[in-house]
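Novice: Sequence:
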Amino acid sequence: SLTPSRTTPVLRREVFHMGKIAIRASIALLAAGAFTTVAAALVMPSRWEGQPLTLRESLMAGTPAIASNVGGIPEILGKAGILVAYGDVEGLRRAVRKLLAEPGAAEMLAAEAERRGREMPGEDDAVRSVLSLYGGEDPMDG
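Start counting the sequence shown at 1; every next residue gets the next number (UniProt numbering).
Accuracy of the hints is not assured; some may be wrong.
[Claimed, not checked] Have a look at the derived ranges for each label pair, beta carbon to beta carbon: (1) 105 <-> 54: 18 to 24 angstroms; (2) 51 <-> 100: 26 to 32 angstroms; (3) 85 <-> 132: 36 to 42 angstroms; (4) 47 <-> 101: 24 to 30 angstroms; (5) 89 <-> 122: 30 to 36 angstroms; (6) 72 <-> 130: 16 to 22 angstroms; (7) 50 <-> 97: 24 to 30 angstroms; (8) 114 <-> 51: 15 to 21 angstroms.
These aren't lab readings, by the way, just hints derived from the structure by calculation.
Backbone N, C-alpha and C fix where the C-beta goes; we use that ideal spot for every residue, glycine too.
Work out the full structure: start from the sequences and follow the hints.
Specialist: Printed below as a string of structure tokens:
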């Protein structure tokens, strides 16, 4: 199986020549959300996504995204990031370089990400929605 501890050495070798990419020690899934608060952007070159939770979490943290123009990504991302065609490596590279080279553009995207993130339903909203479907009591009420 491909666990972070087994893939990290392979990834280090693959991206060593790229320069600015840093691979940190293995990250527990629960701690991964903390990285979106300090990252310049979430890069999501997905082939297919429905309603990606990772993208929602990134926007809620005020972190813009560079993502493939597939599935539900455009609807969620809006103007809070840069969309590229799936498989367009050069387009992805240009988008990353643009975000890193143009602090003003990055700040505008981050502000839009924060705005969109505030509009998204949070965990409490999701719990209430599910409970209302099943007629359960709202644990947040008492």
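Novice: Taking the hints in turn, state whether each one holds.
Specialist: To see whether the hints hold, each was checked on the structure:
A C-beta distance of roughly 22 angstroms is found between residue 105 and residue 54, which places it inside the suggested range of 18 to 24 angstroms. A hinted range of 26 to 32 angstroms holds for the C-beta pair residue 51 and residue 100, which are about 28 angstroms apart. The hint said 36 to 42 angstroms for the Cβ distance between residue 85 and residue 132, and at roughly 39 angstroms that hint holds. Take residue 47 and residue 101: their Cβ atoms lie about 27 angstroms apart, and the range 24 to 30 angstroms holds.
A hinted range of 30 to 36 angstroms for the beta carbons of residue 89 and residue 122 is consistent with their spacing of about 35 angstroms. Checked against the hint of 16 to 22 angstroms, the pair residue 72 and residue 130 passes, with Cβ atoms roughly 19 angstroms apart. Between residue 50 and residue 97, the C-beta spacing of about 29 angstroms keeps the proposed range 24 to 30 angstroms intact. About 20 angstroms separates the C-beta atoms of residue 114 and residue 51, a value consistent with the hinted range of 15 to 21 angstroms.
The structure shown violates none of the earlier numbered hints.
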